[in-house]
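Chemist: Heads up: the protein sequence lines correspond to chains A and B, in order.
Numbering that gives the first Met the number 0 numbers the first residue of the first sequence as 0 and each following residue consecutively.
Numbering that gives the first Met the number 0 numbers the first residue of the second sequence as 0 and each following residue consecutively.
Check the hints yourself; a few may be wrong.
Below 30 Å or equal to it, Euclidean Cα-Cα: the simulated DSSO-like pairs (lysine-lysine) are [what the hints assert, rightly or not]: (1) K124/B <-> K272/A; (2) K14/B <-> K306/A; (3) K220/A <-> K112/A; (4) K272/A <-> K5/B; (5) K306/A <-> K11/B.
Ranges of calculated distance between the beta carbons of each label pair, as one might list FRET restraints [said to hold, decoys possible]: (6) A1/B <-> K220/A: 30 to 38 Å; (7) K283/A <-> A1/B: 43 to 51 Å; (8) A87/B <-> L116/A: 33 to 41 Å; (9) I127/B <-> K115/A: 39 to 47 Å; (10) W402/A <-> K123/B: 35 to 43 Å; (11) V52/B <-> D126/A: 52 to 60 Å; (12) K11/B <-> T227/A: 38 to 46 Å; (13) D89/B <-> E137/A: 58 to 66 Å; (14) R19/A <-> L7/B: 51 to 59 Å; (15) D59/A <-> K11/B: 44 to 52 Å; (16) A1/B <-> H295/A: 53 to 61 Å; (17) K4/A <-> G17/B: 55 to 63 Å; (18) D396/A <-> E95/B: 55 to 63 Å; (19) A1/B <-> R171/A: 51 to 59 Å.
Honestly, the hints are just simulated from the structure, not real lab data.
These numbers were taken from a predicted model, which means no experiment stands behind them.
Glycine included, each C-beta is placed from N, C-alpha and C at the ideal position.
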Amino acid sequence: MNSDKLIYLDNNATTPTDPRVVEAMLPYFTQHFGNAASRNHPFGWQAEKGVDTARQHIADLIEVDSREVIFTSGATEADNLAIKGVFEMYAQKGNHIITLKTEHKAVLDACKKVEKLGGEVTYLDVDREGMVDLKALEAAITDKTILVSIMFANNETGLIQPMKEIGEICARKGVLFMSDATQAVGKIPVNPKELGIHLMAFTGHKMYGPKGVGCLYVSRKNPRVKVTAQMDGGGHERGMRSGTLNVPGIVGFGEAARLAKLEMAEEAARLSKMRDRLESELMKIEEVYLNGSQAHRMPHVTNLSFKHVEGEGLMMTFNQNIGVSSGSACTSASLEPSYVLIALGLGDDLAHSSLRLSLGRFNTEEDIDAAIQQIGQGVQHMRDLSPIWEMYKEGIDLDAVEWSEH
Amino acid sequence: MAYSEKLLDHFKKPKNVGTLDKDSKAVGTGLVGAPECGDVMRLQIEVDEASNVIKDAKFKTFGCGSAIASSSLATEWLKGKTVDEALAIDNMAIVEELALPPVKIHCSVLAEDAIKSAIADYRKKNGIAEEA
Numbered sequence: 000m001n002s003d004k005l006i007y008l009d010n011n012a013t014t015p016t017d018p019r020v021v022e023a024m025l026p027y028f029t030q031h032f033g034n035a036a037s038r039n040h041p042f043g044w045q046a047e048k049g050v051d052t053a054r055q056h057i058a059d060l061i062e063v064d065s066r067e068v069i070f071t072s073g074a075t076e077a078d079n080l081a082i083k084g085v086f087e088m089y090a091q092k093g094n095h096i097i098t099l100k101t102e103h104k105a106v107l108d109a110c111k112k113v114e115k116l117g118g119e120v121t122y123l124d125v126d127r128e129g130m131v132d133l134k135a136l137e138a139a140i141t142d143k144t145i146l147v148s149i150m151f152a153n154n155e156t157g158l159i160q161p162m163k164e165i166g167e168i169c170a171r172k173g174v175l176f177m178s179d180a181t182q183a184v185g186k187i188p189v190n191p192k193e194l195g196i197h198l199m200a201f202t203g204h205k206m207y208g209p210k211g212v213g214c215l216y217v218s219r220k221n222p223r224v225k226v227t228a229q230m231d232g233g234g235h236e237r238g239m240r241s242g243t244l245n246v247p248g249i250v251g252f253g254e255a256a257r258l259a260k261l262e263m264a265e266e267a268a269r270l271s272k273m274r275d276r277l278e279s280e281l282m283k284i285e286e287v288y289l290n291g292s293q294a295h296r297m298p299h300v301t302n303l304s305f306k307h308v309e310g311e312g313l314m315m316t317f318n319q320n321i322g323v324s325s326g327s328a329c330t331s332a333s334l335e336p337s338y339v340l341i342a343l344g345l346g347d348d349l350a351h352s353s354l355r356l357s358l359g360r361f362n363t364e365e366d367i368d369a370a371i372q373q374i375g376q377g378v379q380h381m382r383d384l385s386p387i388w389e390m391y392k393e394g395i396d397l398d399a400v401e402w403s404e405h
Numbered sequence: 000m001a002y003s004e005k006l007l008d009h010f011k012k013p014k015n016v017g018t019l020d021k022d023s024k025a026v027g028t029g030l031v032g033a034p035e036c037g038d039v040m041r042l043q044i045e046v047d048e049a050s051n052v053i054k055d056a057k058f059k060t061f062g063c064g065s066a067i068a069s070s071s072l073a074t075e076w077l078k079g080k081t082v083d084e085a086l087a088i089d090n091m092a093i094v095e096e097l098a099l100p101p102v103k104i105h106c107s108v109l110a111e112d113a114i115k116s117a118i119a120d121y122r123k124k125n126g127i128a129e130e131a
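Please model the complete structure; the sequences and the hints are all you need to start from.
Modeler: See below:
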């Protein structure tokens, strides 16, 4: 491999921390190192001030009251706090939660835990694009339902769910609406109050902030929502999340939110143009399929299946230069292909053949040129090696072949 | 996960990629795996009838890097071996040579299966009884 520049097209996994964010964080390690809960000296006051400013930036980004922002260690913790915390807090009202089969594991596994604790969970199917069926959602709500948890934008395909419509159904039925908005916040306008979202999880490191800090938005008015703390301790964050605040992380998260609000519109337009070019060039290759929805999705993501090419092998052709993700089983510990793509109705073969390309703030047109060229070459290399590509080219019906199990 | 140099070399510059005439009596073809499982290997041998020596071997593989490297290595090892020697190739030898991580051992198993399947096909075509 000859290029010396590493190209990062896996921004849905994590984003690089913006240097401006790092700059804002640095004084909070050495200079303003105080504990934000130390109320009686300047060290504490300075730390608290940093946290307050950050909380305000985050609240401004999603247009909520800063008192509705509860800091956590990340979106996984926020998802857990929302789901388990609502399940415990609203046990009198019911024990039923509704979610989607395509949710992130943080939501699905928290729901599995709720089931173990005696709760009931409905995992709704999605359509071919990954979209929730609103009628099925409404029909699934019972008098025992306390929470609907539906992600804002899918991490693998970038598909955006009809949040407003879901919010209206939840309001009409009088159930809480929680959303894992990890992939959406900071990239597209997200306004939980307008959309009828009562709890919303997101994290710093998907929006050019640091890792290890996230938050849960918890509505304080209409309705006033409460969650039972999942961690016991000093009663920080209005009693919902104990633990000394990660002040430098929070300051970085806040700065990332401030920058996102300022630059979001321009950045989304730039990235979607680059994404569209990448996607349309790659789709000029024979037998390449788009996964998800072209009409309702995040501006920076594309998920493509390269038929008769295995995803991990394909990545190996260029992964010394370009970082992307695949839904192939070979990239997961479970040896199962992406459950998200399977839920969309893709065959296992197409799921094994998928690549997720997610662009970010620091990508350039040159990156896209290199990706188009190297991925294209990789597909060619893999197809030259692929017996099923050869069979397909000979007109053999692959579905009619009796494959041996292994 | 970092792969060994040998594995990367077989992946990037695979040996013996191609197709032999599957209708020829001297050629045995093994096709193992399934697209749904994420790997399919087709391995072919061409046997010299008089000496029982494998004079050529070709493969095509749909799969991850380890599967491709395993089959490339297998074809290298097959050439020049008698059919009986080829049958003795053990998947663990492939694991060792390529330093396959545990999660990729099934790729070597698939390569061994492909060898055995190609030999079985050759023997069937030529009316040679399978050894018990």
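Chemist: All hints are to be evaluated individually against the structure, with a verdict given for each.
Modeler: The hints, checked one at a time:
| no. | hint | result |
| --- | --- | --- |
| 1 | K124/B <-> K272/A | violated (57 Å) |
| 2 | K14/B <-> K306/A | holds (23 Å) |
| 3 | K220/A <-> K112/A | holds (29 Å) |
| 4 | K272/A <-> K5/B | violated (40 Å) |
| 5 | K306/A <-> K11/B | holds (20 Å) |
| 6 | A1/B <-> K220/A: 30 to 38 Å | violated (52 Å) |
| 7 | K283/A <-> A1/B: 43 to 51 Å | violated (33 Å) |
| 8 | A87/B <-> L116/A: 33 to 41 Å | violated (55 Å) |
| 9 | I127/B <-> K115/A: 39 to 47 Å | violated (58 Å) |
| 10 | W402/A <-> K123/B: 35 to 43 Å | violated (19 Å) |
| 11 | V52/B <-> D126/A: 52 to 60 Å | holds (57 Å) |
| 12 | K11/B <-> T227/A: 38 to 46 Å | violated (54 Å) |
| 13 | D89/B <-> E137/A: 58 to 66 Å | holds (59 Å) |
| 14 | R19/A <-> L7/B: 51 to 59 Å | violated (38 Å) |
| 15 | D59/A <-> K11/B: 44 to 52 Å | holds (50 Å) |
| 16 | A1/B <-> H295/A: 53 to 61 Å | violated (39 Å) |
| 17 | K4/A <-> G17/B: 55 to 63 Å | violated (35 Å) |
| 18 | D396/A <-> E95/B: 55 to 63 Å | violated (39 Å) |
| 19 | A1/B <-> R171/A: 51 to 59 Å | holds (54 Å) |
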